[in-house]
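Protein chains: 2
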Amino acid sequence: MNMIDIIDKKRKGLELLPNELNYAFNGYLKNIIPDYQMSSLLMAICIKGMTDKEIFELTDLFIKSGDKLDLDNIKGVKVDKHSTGGVGDKTTLVIGSIVASLGVKVPKMSGRGLGHTGGTIDKLESIPGFKTALSREEFINQVNEIGFAVTSQTGNLAPLDKKVYALRDVTGTVESIPLIAASIMSKKIASGADKIIVDVKVGNGALLKTREEAIKLSEIMKKIGGRYGREVETMVTYMDIPLGTTIGNSLEILEVMKILKGEENNYLVALCMALASKMIVMGKGISIEEATKEVQESITSRKAYTKFLEFVKAQGGQIEKLEVSTITKDVISNKKGHVVDMDAYKFGKLSLDLGGGRIVKDQQIDPKVGIVLKKKIGDDVFPGDVLCTLYISEKSKFDLNEIIDYYTFK
Amino acid sequence: MNMIDIIDKKRKGLELLPNELNYAFNGYLKNIIPDYQMSSLLMAICIKGMTDKEIFELTDLFIKSGDKLDLDNIKGVKVDKHSTGGVGDKTTLVIGSIVASLGVKVPKMSGRGLGHTGGTIDKLESIPGFKTALSREEFINQVNEIGFAVTSQTGNLAPLDKKVYALRDVTGTVESIPLIAASIMSKKIASGADKIIVDVKVGNGALLKTREEAIKLSEIMKKIGGRYGREVETMVTYMDIPLGTTIGNSLEILEVMKILKGEENNYLVALCMALASKMIVMGKGISIEEATKEVQESITSRKAYTKFLEFVKAQGGQIEKLEVSTITKDVISNKKGHVVDMDAYKFGKLSLDLGGGRIVKDQQIDPKVGIVLKKKIGDDVFPGDVLCTLYISEKSKFDLNEIIDYYTFK
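Just so you know, the sequences run in chain order A and B.
Counting from 0, one number per residue, gives the positions in the first sequence under numbering that gives the first Met the number 0.
Counting from 0, one number per residue, gives the positions in the second sequence under numbering that gives the first Met the number 0.
Source of the hints: derived by calculation from the structure; they are not laboratory data.
Among the hints, erroneous ones may be present.
Unchecked claim - Computed list of lysine to aspartate or glutamate pairs in EDC-like fashion (alpha-carbon distance at most 16 Å, straight line):
(1) K208/B with D7/A
(2) K8/B with E174/A
(3) K47/B with D7/A
(4) K208/A with E262/B
(5) K373/A with D329/A
(6) K409/A with D361/A
Isolated chain A (complex conformation) (with noise of 0.2 Å):
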């Protein structure tokens, strides 16, 4: 077998054999086949597609590649949710808290911020004395205890699909259906969940662009699931703005918990309510009204914020001593008009040049920068007017007027 052979057959559009994907995917763990041949099939891939066969065995060699966690210690039903994430997207943290406050099991392992989107970690520990990094034990017990933990430690899961993402990001591979659905299934599978529901964002700022990629990526991650008796849900939302009003780690904090607490009405809020319902039907196998009342209720009396708040505790975070940048900019519009589109990118990119996030792996970062959105979409805006306020430090890089024009006007 050699790996010219196996790309010129992708390259004419044909199914590859499981030894031949193993071949190839199994030689790129192990370096033996090279960046540049790897990218080669990669982007035939991208373009030809893949059997729903291939895309099981590649998610098998995804799974196979690294560790599978063993959640058979948590009582009770565990519901795992996953989101291409984005800009300002806080859900993990409010939907966590909720579902946990209803009796259903979340055990999350989140990841830090890279580029332009943020991580839930990197938002977690803007909290002092957060302790991000729980052995398999604290986890387990934390989930047991009170329903809802959030660890780094991932132990080494799907490491091939680490690698494998590492090039496609790089090499303009990374919009692939069969790609993507081996890749979010082999980490969401190797994780343990018994159930996964899967945040599917659709629109210009995410990965797929029109609804029906969206519905041929949640079809087939429900079959990859069914292979591994998971049972997996999906919700197609679309993501072309920032989410919620803030962007920054201690500025999202301080939004989950007004969330939290009922203090927010917006497009976030709806989409975090809709796929904490959602969950509760998988976890509990009730209807979808019931699940609905059953989350707002958790809103009301205030039995999610007390989870948000038990769940930082349990894991050594002091909220009271989380803090926000004392000094801010406001962005004034010098324009008149109403406010039709805002570019999430340039926001996300924004924050990272405050300081906010990282462009390697491991750089320090600020927690206390950010951004809040006094203006969004659907807002008349008047000269004068503060479009948002920038939380900054001295090493922070902005130019007051390019923000403007991350709006829209019409």
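Following the hints, put chain B in place on chain A, whose structure we already have.
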């Protein structure tokens, strides 16, 4: 501009702009764009194709990446020949001698063999004393004086094509008409000939599998030539079997001499006659019937053979000292049947194993070893018949029984 956006654009089948092609390909030449990104782009080009405009631009980038050879000091019409090459392909030496003997100039740059295909330079170096590295002046003077010269000294022609080709070779991205056209034509245009004939090979052993693809390639090459004021003619020929009756350096020189003396009559001879006739048409502007007559006459009169001897002498070769190995081994058939196929690739590989080729660049080769094919397609074979004779050295590696299976009998 960034490479990932460029890759994405081509992945979606869109036309790349001149500045985008420049960014990607010149960036690759300067090592700013890594192999793994270029191979991903090349695969997208392979599958999605290129517009004529893109092909013209890419050819131009290839040409401009290096020197352009100025052949203006060569008097008369210069016709260059290109072949996609093959096992036992010694057409250059036969054709060059014929065409030059009829008064049309053939200034020829050639390469060394790599892998299972031979190279004209290696074949010539089997002649003791033959000098293949001519200076520009020596090259031009010799073409002016005797009409034919072969040199390995190509200056720095189309180095970008060279770099891209090396990557295509190991990433399954060779089979692309736009990339093949840009590669061939950039080298031919940079090397200065007025008129160019291209032997486009099709068949199992060739890059292109169908006549339709060969015609498509021919058309785009003619269009490219037109943009640089070069006349391009093509000939679509079949390449499934070794060309002629010998494989190996000294042996092939002997075969060239036999052909030029009119002592051979096979597909290779017919191919050489046809190509030479077309070159005479291009060089003299006469009809194909007249040209064919002149070519045949150059053989019967020994004009072409005399030209070959003159050419060898001019480059310092002592043809009387040419040697083939004195150790031979016959491959005896144990089967009875009609030869319906021969594996050109395996015979090429065998010549390599005997010591006649190189696996890595600049490897020492043994000019005296090789294979003489005694049975070819169409021949009847009986047990005990000699299929072929190996000319070997102590270092030669081969398995006589295995070689029988390079033939397919019916």
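Hint check: K47/B vs D7/A, CA-CA at most 16 Å. Holds or violated? holds, 15 Å
Quickly compare the C-alpha distance for K208/A and E262/B to 16 Å and report which way the hint goes. violated, 68 Å
Against the 16 Å threshold, does the CA-CA distance of K409/A and D361/A hold or violate the hint? Violated, at about 41 Å.
Satisfaction of hint between D7/A and K208/B, Cα-Cα up to 16 Å: Status holds; Cα separation ~14 Å.
Need the status of pair K8/B, E174/A: alpha-carbon distance at most 16 Å? Roughly 12 Å separates the two Cα atoms, so the pair holds.
Restraint check for K373/A with D329/A, where alpha carbons must lie at most 16 Å apart: Holds - the C-alpha atoms of D329/A and K373/A are around 10 Å apart, at most 16 Å.
Violation of the numbered hints given earlier is confined to hints 4, 6; the remaining hints are satisfied by the structure.
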